[in-house]
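Take the sequences, apply the hints, and build the full model.
Same order as they appear, the protein sequences are chains A, B and C.
Residues 1 to 96 in the working numbering are what the first sequence lists, from first letter to last.
Residues 97 to 597 in the working numbering are what the second sequence lists, from first letter to last.
Residues 598 to 1082 in the working numbering are what the third sequence lists, from first letter to last.
Source of the hints: derived by calculation from the structure; they are not laboratory data.
In this text, all values refer to a predicted model and were calculated from it rather than measured experimentally.
Ideal placement from N, C-alpha and C gives every residue a C-beta, glycine not left out.
Treat each hint with caution, since some may be false.
Label-pair ranges, simulated between beta-carbon atoms [as the list claims (entries may be wrong)]:
#, chain 1, residue 1, chain 2, residue 2, range
1, B, MET297, C, ALA1076, 14 to 24 Å
2, A, ALA85, C, VAL632, 26 to 36 Å
3, B, GLU298, C, PRO861, 31 to 41 Å
4, C, VAL632, B, ALA304, 49 to 59 Å
5, C, ASP853, A, ARG21, 53 to 63 Å
6, C, ALA917, B, LEU128, 30 to 40 Å
7, C, LEU1047, B, VAL391, 49 to 59 Å
8, B, GLY455, C, LEU1047, 13 to 23 Å
9, A, VAL60, C, GLY656, 19 to 29 Å
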Amino acid sequence: MLPAEIIFGLTGVGLFTLGLRATLLHGSLLARILAINVCGAGVFLMFVSIAYQGAAAMPVPDPVPHALVLTGIVVAVSATALALALGRRLRESADE
Amino acid sequence: MSLSASLPLLILLSSLVPGLVIFLLHEESRRLRTVLNLLGATVKMILVGVMIWGVFHEQVYETRWTLAPGLDLVLHADALSVLFVSLSTLLWLVTTVYAIGYLEGSPHRSRFFGFFSLCVTATVGLALAGNLFTFVVFYEFLTLATYPLVAHKGTPEAIRGARVYLAYTLAGGMALLIGAVWLRTLAGPLEFVQGGILGGMEHLDPWALRWIFLLLIVGLGVKAALVPLHGWLPQAMVAPAPVSALLHAVAVVKAGAFGIVRVVYDVYGVEFAASLGVLALLGAAAAVTIIYGSVKALSQDHLKKRLAYSTVSQVSYIALGTAVLGPLATIGGMVHLVHQGVMKITLFFAAGNYAEALGVHRVSEMDGVGRRMPGTTLAFTVGALGMIGIPPVAGFVSKWYLGLGAVESGAAIWVLPVLVGSSLLNAAYFLPILYRAWFKQPPAAWPGGHEQAVGRWEIKGALLWPPLVTAGLAIAAGLFAAAPYSPLEWARLIAEREYSS
Amino acid sequence: MNNLLIWPVALPLIGSLLALVWPRRADWAGIGASVAALAVAGLVAADVMRHDSLELAIGGWTPGLGIALRADGLSAALLLMSSLVALATAIYATNYFTDAHKRADFWPLWLLLITALHALLLSGDLFNIYVTLELLGLAAVALAALGRTRAALQAAVRYLTVGLLGSLAFLTGVGLVYAAYGTLDMSTLAGQVRAEPAAWVALALMTSGLLIKSALFPMHFWLPSAHANAPAPVSAALSALVVKAAFYLVLRLWLDVFDVALGPAAAGMLGVLGAFAVIWGSWKAFRAERLKLLAAYSTVAQIGYLFVFLPVLLASAPGAARDLVFGALVLFALTHGFAKSAFFLGAGVVLQRAGHDRIAELGGTARALPVTTFGLALAGIALIGLPPSGTFLAKWQLMASAIEVGQWLWIPVIAAGSLLAGAYVFRVLGHAFGPGEGVGPALAWARQELPALLLAVVATAVLGLGAVHVWSFVVPGLAIGGIQP
Chain A
1 MLPAEIIFGL TGVGLFTLGL RATLLHGSLL ARILAINVCG AGVFLMFVSI
51 AYQGAAAMPV PDPVPHALVL TGIVVAVSAT ALALALGRRL RESADE
Chain B
97 MSLSASLPLL ILLSSLVPGL VIFLLHEESR RLRTVLNLLG ATVKMILVGV
147 MIWGVFHEQV YETRWTLAPG LDLVLHADAL SVLFVSLSTL LWLVTTVYAI
197 GYLEGSPHRS RFFGFFSLCV TATVGLALAG NLFTFVVFYE FLTLATYPLV
247 AHKGTPEAIR GARVYLAYTL AGGMALLIGA VWLRTLAGPL EFVQGGILGG
297 MEHLDPWALR WIFLLLIVGL GVKAALVPLH GWLPQAMVAP APVSALLHAV
347 AVVKAGAFGI VRVVYDVYGV EFAASLGVLA LLGAAAAVTI IYGSVKALSQ
397 DHLKKRLAYS TVSQVSYIAL GTAVLGPLAT IGGMVHLVHQ GVMKITLFFA
447 AGNYAEALGV HRVSEMDGVG RRMPGTTLAF TVGALGMIGI PPVAGFVSKW
497 YLGLGAVESG AAIWVLPVLV GSSLLNAAYF LPILYRAWFK QPPAAWPGGH
547 EQAVGRWEIK GALLWPPLVT AGLAIAAGLF AAAPYSPLEW ARLIAEREYS
597 S
Chain C
598 MNNLLIWPVA LPLIGSLLAL VWPRRADWAG IGASVAALAV AGLVAADVMR
648 HDSLELAIGG WTPGLGIALR ADGLSAALLL MSSLVALATA IYATNYFTDA
698 HKRADFWPLW LLLITALHAL LLSGDLFNIY VTLELLGLAA VALAALGRTR
748 AALQAAVRYL TVGLLGSLAF LTGVGLVYAA YGTLDMSTLA GQVRAEPAAW
798 VALALMTSGL LIKSALFPMH FWLPSAHANA PAPVSAALSA LVVKAAFYLV
848 LRLWLDVFDV ALGPAAAGML GVLGAFAVIW GSWKAFRAER LKLLAAYSTV
898 AQIGYLFVFL PVLLASAPGA ARDLVFGALV LFALTHGFAK SAFFLGAGVV
948 LQRAGHDRIA ELGGTARALP VTTFGLALAG IALIGLPPSG TFLAKWQLMA
998 SAIEVGQWLW IPVIAAGSLL AGAYVFRVLG HAFGPGEGVG PALAWARQEL
1048 PALLLAVVAT AVLGLGAVHV WSFVVPGLAI GGIQP
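This is how it looks when you write it as structure tokens:
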């Protein structure tokens, strides 16, 4: 059985790759926005796994990566909101 | 700042400041603009007078400003720079008077005179440049200042001519820049020193120096209109007459020729350049250009084009004098820097007058212009005879010394045929014009149709006096060649200083 | 401890909030915040001159857990440049936006952009840099979409998605750095990085993210449409400042943090991409039919030059030789910042007055808009790299150093790029001087024309004639004095 942090890390890499592939291939804006979010989730998962690196020697996992992930999620949410707003405005301009 | 540190800068500012102020002036403030122009030109004359006296008495004038680590902008007066500075200052004054008369009533005069002053500033900067870096700076500045003058009329033809001019000069500037940067990394700051600086540096690779020489000469040769880099010059003659006059006599072609002189004498050193074998290359290019320009001039019916090809040919006398080793040839080349300027500006003024007063643009239309415009045609005649090399006009003196120099250095075998051949060609394309002008019957109506109301004179004074004055100067420079402070004596001084070190 | 470093970030942020809650007074908030930011940027620069570098641990938390703000010659110079460009652009913007809605949208976003930019320049911590980079990107996208035309919106969406991918790549690199070295503080990292795979992969990820954001060829595809379709003040900031922020980070990472992990090949690769960018960008600019598109492609080319500096810089021996190249690089970046913003602002005036910016139809512009045309010409001189502009001296030094380290390849690239730049700049001027009925009645547009002209004068005359001070500011130890023969 692999250690948990390796599994998390590999899953993160997998998610990142999937998201990247979809971002580059999909034409639809909404799909691309979602794909970038999947990418982001992959990166955050890698960060989480970093926190457990060498955890055996430490009483608690390293808090810094968690703090970073929290900040990262906030940034990602704002970016998604902006993307969605732009997408809506783009559709309105197409309807006119 | 003492006078010795500020004089070169003041000479530069005396045309830069009026130029910049003129840009801000309203189009209609004609009197203020004229006052500024003439004031700047007069102040410059006085300052240059001081400088001539000082340099003759071995005073040092130098302005130095560090632009970047190891790169100084240096304005320095030596005998050679004074020769060129006085030429451009004098001809600037005359051309300004001419341009004020020529452009009266035409649009965009503020712009024109602004760039005109910048153009002279760049030329004076070139003349006073104390190292190769400064020379490159002003060389590029000159390109920028002249482009709007060439494009001034705004017609598609003018824009095209300006574009061709720019393509040539920017590419040439780039070659010069690369050569200068390369040489700078090899040989340190390239201060112009009489006798050259590279001769003493034995660690340098001669082949690198040859390649650099080629780059520098290509860069300078574009402005000096060395064949095959001359293509822009006939196209640039679409510019207004005062601009052509200045471009052909002082500013652009002369800047290139002056640069060649500087590189050969004060960077490489003429003896070291000869030992590298690069002078032969320069001499060949000059000889080809002299003959080619004259041959092309023969077949031009358009007067300004004929004069343009004549410039191509004549300016290369300077390069020829530089390429031949020995003080007499040096004197011939240097003195021609001044003589060609004075004579060629006369010819272009006259051509401008024919076009302005009679609408005559072509040689074939010039029948009898001498009767209609005797003063202008007299000036034209003096200029043309000088170009052919007939004494006592100044051109004779240049050719005489070039010939003597060729004999002295043993290069007579190829230089004399070039001189004789080109003089014959000069005669072949100038004498028919003089014949037409003086001896043929004028036509019933001039091509321009509208003859200007002229009052007592053939054309207004601002257009008539400049060519007469410069024609007078061309004769005086020949007649009084042995007088102190004459161009010839000054060229002799330069040659003495170049060869004594 | 130096609280001064807070203010270049805090002042625009306060201004942004004021502009948001008080849209009718937004102009004043914008100008006030810009003036104040410029003043503190000047103070920071003065302090840097005295002490070489400044540092502030925010809230008293020591770096490691806390976040440090730092300023040295490089960041202070860019800070000063960006606040000066921002002020000139803000003055321009007060007259530019006629639509009240757009104006209300512009100011908070604009000041947020400046906030993010200044924070990025002063950050000493990789994660903080990620946050500021993201913030900068989002503000830039929102501003680029302000034109509300369909083309602008499409360009903004593309700008956003590409930018997000870039920041994710950067973030992944940051994660790897933390996993390998356990710290994100750049000065601490600098002592720990070794030449090993973890460092290489992390640097590769972060650099590729930054290359996307700095639009290095071939990742430049998003830039021309985004920069050309944005409102003029926004284009100016995007081209002059935002892409340069990403390049600044490349410089920081490569020179200060990962320098021990690098071989010459890596820098050579970036240099080759830069060379392609120079040629391709200049060529596309020459072929462009619209003035703003020309300016945008010119940015692609000029960013290329910055990357061409890198291999020469890293091949120069540490000490005076490297300092010379480094100073030239900063001088180039500064000059381009001023010149390009001036060019875009001038293009904006032309576009507004003529109703179009098709280059072939610009006849008469020189007559109708002499000040703007003069400004465009001056900015163009700096873009070509002719004297007396700062870029001329920077290119001279670049060529000299390239020859000294034997990298001859760059010489023809620089030559060709400069000649192409001459061709595209003078194509515009040729049409502008040409015949045409002009572009409308001569109005006094001093608030738009003068800031543009001022920026162009800074690029061409001030930075050129005073270039030596740039060197002595960013590389204090360098011997400057005139070398006597």
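We went through each hint and held it up to the structure:
no.: 1; hint: MET297/B to ALA1076/C: 14 to 24 Å; in the structure: 23 Å, holds
no.: 2; hint: ALA85/A to VAL632/C: 26 to 36 Å; in the structure: 31 Å, holds
no.: 3; hint: GLU298/B to PRO861/C: 31 to 41 Å; in the structure: 33 Å, holds
no.: 4; hint: VAL632/C to ALA304/B: 49 to 59 Å; in the structure: 53 Å, holds
no.: 5; hint: ASP853/C to ARG21/A: 53 to 63 Å; in the structure: 34 Å, violated
no.: 6; hint: ALA917/C to LEU128/B: 30 to 40 Å; in the structure: 51 Å, violated
no.: 7; hint: LEU1047/C to VAL391/B: 49 to 59 Å; in the structure: 54 Å, holds
no.: 8; hint: GLY455/B to LEU1047/C: 13 to 23 Å; in the structure: 44 Å, violated
no.: 9; hint: VAL60/A to GLY656/C: 19 to 29 Å; in the structure: 23 Å, holds
The structure does not agree with the numbered hints 5, 6, 8 stated previously, though it agrees with the rest.
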